[in-house]
Amino acid sequence: MIVADKKPIEEIIECLKDHKNILVLGCNECVTVCEAGGKKEVGVLASALRMNARKEGKEVKIDELTLERQCDREYLDEIRDSIDQYDAVVSLACGVGVQFTAEQYHDKPIYPGVNTTFLGATEERGVWTERCQACGQCILATTGGICPVARCAKRLFNGPCGGSTTGKCEINAEVDCAWQLIVDRLKALERLDDYEKLCPLKDWSTDRAGGPRKVVREDVKQ
Amino acid sequence: MPCTGKVDVIHIMRSFEKGADGVAVVGCLEGECHFNAGNLMARRRVEQAQKILDTVGVGGQRAQMYNLSSSEGPRFAQYATEMTEKIKELGPNPIRVAKNKAA
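So the protein lines, in turn, are chains A and B. Heads up: take any position in the first sequence, counting from 1, add 663, and you land on this note's numbering. Heads up: take any position in the second sequence, counting from 1, add 53, and you land on this note's numbering.
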């Protein structure tokens, strides 16, 4: 999922200081799971904003709504009839949702309410870790299901480097060396021979190096 | 609520938004939660609410977490007195004051 973290309320308050009718818009997908931008967080942020406005003696209307998704037009259409009553929206969706909402409602300021961080997994409640950098050319089949792009600080394809010590990375003693994990996993799979094969140069044009990316699927396209 | 584990930040926030001067969350003794960690989660949520209340100028000290067992009547009374004194010191909820002023 896309992992996001809450933005400091002070930062959001600063963005909204000149607005009088505000919609706090949550998203029911990834940001709900990582407890940054779902219905609960929308309620807490809206309540905090209302109290802040009231305390400063400002008359501000702050409404709350959580959409199923903010990265699909059909769900964003749900606010088409009501959006005109607001002069700003705080979107608690990931960066995709914020931008897609802004594209659909071109003349409305859409402010981000979270910091989008990475594609990751839930280790335990309150702890999320990065697993994928969406490089566009998955090599997990050859690396025992562990991604050196996302998990090796140097993105090495034929690792480990000399900075790997007792299974940890030189950047931080708490970070696992991705290549140690790969070797251990290949060993468990009895595929250590695969480790000996040199990984060829990666085509980075599918990564961000090729600019903003696009997937067109003719088989499902309408 | 049957268990403080059910208390969420939003419950505390809404209480202040509606004008409460203080909120005391009273849970079972730490280590004695029937559901293992309900009261510990409640404490963390109270702390979260305190931070937000400080940020918006209401004052985090208005929300407090207490722990006691159901047989500790006198201690409950002591905590209630403590909380009342604390709130008296802090004065009325500034949100209610602002609301009344605006009305």
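Everything labelled a hint here was simulated from the structure, so no lab data went into it. Being a predicted model, the structure only gives us computed values, none of them experimental. In this text, a Cβ means the ideal position worked out from N, Cα and C, and glycines have one as well. Take these hints with a grain of salt, some might be off.
Claimed, not checked - In silico DSS-like pairs for lysine-lysine, Cα to Cα no more than 30 Å straight-line:
1) K680/A - K154/B
2) K669/A - K152/B
3) K702/A - K104/B
4) K141/B - K702/A
5) K71/B - K104/B
6) K104/B - K884/A
7) K683/A - K154/B
8) K702/A - K771/A
9) K865/A - K877/A
10) K669/A - K141/B
11) K139/B - K865/A
12) K152/B - K703/A
13) K724/A - K71/B
14) K152/B - K877/A
15) K152/B - K718/A
16) K718/A - K71/B
Unchecked claim - To be clear about the criterion: a stretch of chain B counts as covered by chain A if any three or more of its residues have a C-beta under 8 Å from a C-beta of chain A, and this derived list gives those stretches:
17) 59-72
18) 107-113
19) 127-139
Stated by the list, open to error - Now the in silico label distances, taken between C-beta atoms and shown as ranges:
20) K817/A - Q131/B: 58 to 66 Å
21) A836/A - R67/B: 37 to 45 Å
22) R743/A - P127/B: 57 to 65 Å
23) P55/B - D857/A: 52 to 60 Å
24) K141/B - E786/A: 54 to 62 Å
25) S122/B - A836/A: 38 to 46 Å
26) Q131/B - K724/A: 39 to 47 Å
27) Q762/A - E135/B: 44 to 52 Å
Hint by hint, here is what the structure shows:
Taking the CA atoms of K680/A and K154/B, the gap is near 21 Å; set against the 30 Å cutoff, the hint holds. In summary, the hint linking K669/A to K152/B is supported, as the alpha carbons are separated by about 29 Å, within the 30 Å threshold. Between K702/A and K104/B the alpha-carbon distance is near 20 Å, which keeps this suggested pair within the 30 Å criterion. Restraint check for K141/B and K702/A: not satisfied, since their Cα atoms lie roughly 34 Å apart, outside the 30 Å limit.
Between K71/B and K104/B the CA atoms are separated by roughly 18 Å; this keeps the pair inside 30 Å, and the hint holds. With a C-alpha separation of about 48 Å, the suggested pairing of K104/B with K884/A is violated against the 30 Å cut-off. For the hint pairing K683/A with K154/B, the CA-to-CA distance comes to about 19 Å; that is within 30 Å, so the pair holds. A threshold of 30 Å between alpha carbons decides the hint, and for K702/A with K771/A the separation of about 22 Å falls inside it, so the pair holds.
Taking the CA atoms of K865/A and K877/A, the gap is about 19 Å. The hint holds against a cut of 30 Å. The straight-line distance between the Cα atoms of K669/A and K141/B is roughly 33 Å, outside the 30 Å bound, and the hint therefore fails. A threshold of 30 Å between alpha carbons decides the hint, and for K139/B with K865/A the separation of about 64 Å lies outside it, so the pair is violated. Proximity of K152/B to K703/A is assessed by CA-CA distance (about 25 Å); at most 30 Å being required, the pair is judged to hold.
With a C-alpha separation of about 15 Å, the suggested pairing of K724/A with K71/B holds against the 30 Å cut-off. For the hint pairing K152/B with K877/A, the CA-to-CA distance comes to about 51 Å; that exceeds 30 Å, so the pair is violated. A distance of roughly 8 Å separates the Cα atoms of K152/B and K718/A; the hinted pair therefore holds under the 30 Å criterion. Only pairs whose Cα atoms come within 30 Å are accepted, and K718/A paired with K71/B is accepted, the gap being roughly 13 Å.
Using a Cβ-Cβ cut-off of 8 Å, 7 residues of the region 59-72 of chain B lie near chain A, which meets the minimum of three, so the contact claim holds. A count of 4 residues in the region 107-113 of chain B with a Cβ less than 8 Å from any Cβ of chain A is obtained; the coverage claim is therefore met, three being the minimum. Beta-carbon proximity to chain A at under 8 Å applies to 0 residues in the region 127-139 of chain B; the threshold of 3 is not reached and the given coverage is violated. Separated by about 59 Å at the C-beta atoms, K817/A and Q131/B satisfy the suggested range of 58 to 66 Å.
About 43 Å separates the C-beta atoms of A836/A and R67/B, a value consistent with the hinted range of 37 to 45 Å. Distance hint check for R743/A and P127/B: the Cβ-Cβ separation is about 60 Å, which falls inside the suggested range of 57 to 65 Å. In this structure, P55/B and D857/A meet the distance hint of 52 to 60 Å, their C-beta atoms being roughly 55 Å apart. The hinted range of 54 to 62 Å is not satisfied by K141/B and E786/A, whose Cβ atoms lie roughly 45 Å apart.
Between S122/B and A836/A the Cβ separation comes to about 43 Å, which falls inside the hinted range of 38 to 46 Å. Under the hint 39 to 47 Å, the C-beta atoms of Q131/B and K724/A, about 43 Å apart, fit the expected range. Between Q762/A and E135/B, the C-beta spacing of about 50 Å keeps the proposed range 44 to 52 Å intact.
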